[in-house]
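Protein chains in written order, with the numbering used here: chain A, 70 to 655; chain B, -7 to 814.
Source of the hints: derived by calculation from the structure; they are not laboratory data. Be a bit skeptical, because a hint or two may be false.
The calculated label-pair distances, taken between Cβ atoms and stated as ranges, are [said to hold, decoys possible]: (1) A/T120 with B/S698: 38 to 44 Å; (2) B/N326 with A/K336: 57 to 63 Å; (3) A/L283 with B/S231: 56 to 62 Å; (4) A/I201 with B/K805: 22 to 28 Å; (5) B/T491 with A/L283: 50 to 56 Å; (6) B/N201 with A/L232: 20 to 26 Å; (7) B/R57 with A/K361: 20 to 26 Å; (8) B/K162 with A/K361: 47 to 53 Å; (9) A/I174 with B/A704: 17 to 23 Å; (10) A/D307 with B/K420: 33 to 39 Å; (11) B/A792 with A/P432: 48 to 54 Å.
Cβ atoms here follow ideal geometry from the backbone N, Cα and C, with glycine treated the same way.
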Amino acid sequence: METTTPTSIAPGIIYALGTIAVWVAFFLILTVANALGAIIAKTPDSDPSRTRIRIATQTVSGILLFLSGVKTTHAFEKEGFKFPLTWFVMPWTAWVATFALIFSIIRLAQALTGITAAEKASAWKSCIIGVIIAAGMVYLYRLDEANKITILSGGIPMSLGKLLFFLALAVLAVQGMALTANSAKARGWGKLVVTQLTLIAGSVIFGIPFVFLLVTSFKEDIDMSSKNGIVWIPKVTDTVQYFNEDPSKKHYEVEFNGRTVEALVMKEVNGQYQMDTFKPMSIRGTTFFVDKDKVKEVPVNARVYTTEFNGKEITGFERENLEDGRKILRIMSPADQKGKEITVLPDKVTPVRHVGLRVQNYPEALDYMPPETYTGLVYLKNTLILVILGVIGTITGSSVVAYGFSRMKFPGREKLFTILLATMMLPGAVTLLPQFLIFRTLGWIDTLYPLWVPAFFGSAFNIFLLRQFFSQIPMELEDAAKIDGCSYFRTFSEIMIPQIKPALAVIAIWTFLGAWNNFMGPLIYINSPENMPLSYALQLFKGDRSNEPGLLMAFTSLTCIPVIALFFAAQKYFIEGVTLSGLGGR
Amino acid sequence: MRSRFWVKFVAATAVAASLLMSVSSSAQSGNQPSTNQKKQEIVLWGISLGPDSKGEDSVIRAFERLNPDYKVKLLGMGAGQMDPQKLMTSIVGNVAPDVIKQDRFTISDWASRGAFLSLDDYLKRDTGKDPLCPSPDQYYPSTWAEATYGGKVFAIPTGADNRILYWNKKVFRSKAKELTAAGLDPNRPPQTWNEVLAYSKVLTEFDKNGNLKRAGFMPNFGNSFLYMYAFQNNANFLSPDGRTCTMNTPEAREALEFMVKGYDIIGGYETAERFKSGFQGGENDCFATGQVVMKIDGDWILNNLARYAPDLDFAGAPPPVPDDRFYKRGRFVNEKETFVTWVGGFSYAIPRGARNTDGAWKLIKFMTSTEGRLIEYTAQAEWERQRGRVFMPRQLAQRIANEEAAKRFRPASPAYAQAVNTHTDMAKYSKIRPATMVGQLLWAEQVRAMEAACYKKSTPEKALKDAQTTVQRELDAFYSKEKRPIVDLKIPMYIGAITLVIFIATFVGIFKKANLGKLEKHEAKAAYWFVSPWVFGFLLLIIGPMVASLFFSFTQWDVLNEARWVGTKNYEDIFTTDWSMVSKALSNAAYLAGVGVPLGLFTGLSVALILNSAARGIRFYRTIFYMPSIVPVIGSAVLWTWVLTPDAGKGLINAYWNQTLTPWLNIPLPGWLTSAEWCKPALLVQGLWGAGGGMVLWLAGLKGVSTTLYEAASIDGADSTRQFWSITFPQLSPLVFFNMVMGFIGALQEFDRMYVMRPTLDGPIGPDDSMLTPVFLLFNNGFAYFKMGYASALAWFIFAIVLVVTFIQFKFKDRWVYTETK
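Only chain A is shown next, with the shape it has when bound in the complex (with noise of 0.2 Å):
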């Protein structure tokens, strides 16, 4: 580790040099194993006579490299075997000039084994060049005098029937390497086995993040952390409904400005309770004066537990819990003691628990949504409205624009055609900082307008990719329109359209996604909730709820939802999209 000094470099390449030992010797094996199968198999091709030597001197080559390996990396000491690892912990340059001496190497065996003068000469130039590449890297290297290289060393723990198992493994794959080498339809059945393989383990890679997204959303807060890694099945805390005695504890239903909410009493004025409000979060902690008549009691969802009492074990509810953590149980089982109330430590206490998902992060993390957004809806507003009329825009925008650019002559119609291509270089933040003054001018911060109106402008990249498209469309069509006397406008609506829609489709959708994802408008534009949308609602969310991953995964999922279902909705048109201009969004 980082207490490595120079000094144990030395201990580390050996051990190095000892796992590699123990790699090569376990690949030796294999060969082994797959030339036994050769000969047991009678494959025609093989010369038993050679390749029994050959097996003779990898089994004792292998046998020799496993034991010195064994000895430099001490694979057997203490607790059973463990299958060395090793590992360089060292800057880029190293890396760089490790590779390029390697390849120096190989390329120096090559030019001195070579055949043709040509071969030979070509080896010899790129060896020299990996040596260059190398000296350089180490001066870089050396440059730097907080460089240095680390090895790490250790292993996988194994015990021998996991390792055999392996190697069994290992050989059967390799004999069905050898056999599938031998007959063409054996070959396709490999092949498809060992594709759909890589395939799904790639799938489980990328999907997993997806699995984690929606089991956390339905997680309780206890499984969020836990010692054994990562909790993959959620489980709920079983609940009873129960009415307090306390009353000042009791959950009562009331209305409040026009809203259903939940308030205990904090105690009562002139006939008046004063309520405070715990539910929906987003006002809790507001208190208001309601008259007596006007609450009605709610039952309180408690908690289950089992805990040992008295060398017995017993099953309650969390009556209360007190501020020390401390829990008062009321005991439900066993029979004898229903009703009973116990005190208990927390850590004395399990949660009777069964499989199911937690839906309720979901109407949680919406009840944390200031209330002027209506539980969110006002956000998923806004977002509608930015790509709707974002969406409209661009292709309004764009299509008559490209329309005019592909279809219509006009003087200076090359010059302005070049503009456009060149603006599509500019980055967005040249424009960034006037765009906001001119939004200020037009007194449009704080409002949606910055956010969609410039969309109705056409943009350059959707302008030439509609262009191509119009490009392609015969003359005839647009001719025959225009003998039978139709305006441009008409030709351009009724006839051209309905050519290019595929392509809007995908622009349709692109503009969706974009209009969807834009954060950093938002950003800048936006202040009131009233006027935000989920993409900056999210990251606000986030802010305030980082310790409540529950409610945060729950909301996430919300805002990534439509956007997935839209891509099964129209699955064809992103991956046409992507192909479709043959230079792949943007």
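Start from chain A and add chain B according to the hints.
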């Protein structure tokens, strides 16, 4: 199929839109109960309601009862850590709130820019007439001073948060033997820097993998920062006249060196950050559980401690000071004060452009008055009492209210009472951060310097020097402002108008010269209508802003005040005083582009190659691999922040790392986003998840490669590797090229995920600025500080780099990109 998709799409959006419109219209009508119609609204930013702000809620309700004409609207806006960018944008955009609860040390900063209203007129008007009107003699002098700038009052202080040392007596006792053996007294807290380090050395424990189990003392955990240690060593970050930044002095260096030493004892900053990421709240508070034995913190921690650990055996003590100060040696021979700490706190201010200034002032007066403060504390105490909790009175800047509160709400528990008293006692020895217009920058830079030094990315001297240069540049810009000529901001408009005229004239000229027939003329006129939306957008949103931006880049302008002509100074700054930041941003972008883009291409291409050879299930796999790339950026960033959590019990990656690599090779868990070393790899991993988007493109490209080429090759005896390099890759090379160019340009402009994923909101962007990108730098300069001139120069600098990158890549294109014509 196509038409059906459109029908569905349009129908669905129409239904959704109408539904939402109805929701919003009903929302609006429901929003205005008849009684509220005449009420004036006071918008207050910075307070969010919750169980800990019961008191503030009551004061506001009391205010509304006393002043029935007013209605107070609260917006949290990330309460407590008010984002300066949001406030500045709202002031500049004329949609400012009426009252803002603002960190006091930033007041002079905002005041100097004219962003806050001076309260002098109101104070003059009401002093002696309104008993609620605040007066300086009611306040602790340092807190009042912090809220003034240039002799004018800009805010009314609320709290007075000073920092003291909290130490866990129980852990001290359990380690009594070891402490005694080391010559330390286990019954008293450390009083000097060397002592606290010695105590920390004994108290700190590691597990066998080198992870922290218990930290004796983390210099910057809790709330101390470089400021406190610097104050203790008599360092001032600013000269008395406020014109020179003096961060890089021996005094400040010693303070920073002390912090570095403190981190060395607990295994370095990385280790400490990793340890910190596992901390929990509530009853598992790290100080209550003894995971952290000593920390410097403010009195806000007492409420939670009292709630979850009422019997905790701890004490408060003055923060340890330099040994020389304690023993009155060396520089400190004539020093009177032995212990020193620092004080901060919030205040209420009225932003410029507030619509309801009279109401705002009324509200501020009421909330800061003795009466208001006591209403607040009484309500909070009552609420806590009902829940069986104790109420811990926080220190107030208003002396009379503070003394009264101390009398009324003294905690019953001796330990807590002692801690509260220690805070009160230290109030006299509390220093404030310099009241200067570079206050926020000074703050951000001291955090930056501290991180750079503690991460060992830089020596304390160099870190402080960099910080000093940055701050000095700002000071110079401010004080030399008067010498710079004021420029008329109409000039860019004139330039724009002239450009427009030239543009139109050119086209009229072209039109005239073309000498068109009647029909052609007709067509051309129609065509101009067709292309007019883009031309309009181009003139208004592209060429106009470009001209303006170029013009601004030669000025110094903060939008609120007049602009000054500074010539090429902004461009010079990029390469001189700000180069440490700019180069960091560029190197981050270069890393993300240089490693990330090829890695992404490689992943996409290899997935596509495997998928292309698969006979079955291609649609299914394609969906799976493609989906991550369409997950909304912010959603992905939020998800990955959780996936990359360093705590092995929580984070997806570290949970499995902890079960494999750690036991196999003894590799400690990476800190990912919280660590300077792992931050960029973390961003790469997240980026790779979306590499499936490129895969679809490769797949299409592969399908486009003619099979006859492969057939011919296999007849010639080429193996699959050979086929790939001789056929597949050359055929795909135009795509590879295009994606490289776009990827590099994209990396320069990355912003969204960095903004969301950075672990702290203020100070450096990511640990040791490892998430800073060029556009992030531009955003911060432009929208957080409204340095329009410098930000514009940065924008053009980025543009130049984009051009160069594109040019170079096109230059090298011919070397390896295959084109049909060859």
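Each hint, compared with the structure:
1. A/T120 with B/S698: 38 to 44 Å: With a Cβ separation near 42 Å, A/T120 and B/S698 satisfy 38 to 44 Å, so the hint holds.
2. B/N326 with A/K336: 57 to 63 Å: 58 Å, holds
3. A/L283 with B/S231: 56 to 62 Å: 58 Å, holds
4. A/I201 with B/K805: 22 to 28 Å: With Cβ atoms ~26 Å apart, the hint holds.
5. B/T491 with A/L283: 50 to 56 Å: Between B/T491 and A/L283, where Cβ atoms are some 54 Å apart, the hint holds.
6. B/N201 with A/L232: 20 to 26 Å: 25 Å, holds
7. B/R57 with A/K361: 20 to 26 Å: Taking Cβ atoms as reference, B/R57 and A/K361 lie about 21 Å apart, which means the hint holds.
8. B/K162 with A/K361: 47 to 53 Å: Distance hint for B/K162, A/K361 holds at roughly 48 Å.
9. A/I174 with B/A704: 17 to 23 Å: Once the Cβ atoms are compared, 35 Å apart, the range 17 to 23 Å for B/A704 and A/I174 is violated.
10. A/D307 with B/K420: 33 to 39 Å: 56 Å, violated
11. B/A792 with A/P432: 48 to 54 Å: 51 Å, holds
Hints 9, 10 from the earlier list are contradicted by this structure; the remaining hints agree with it.
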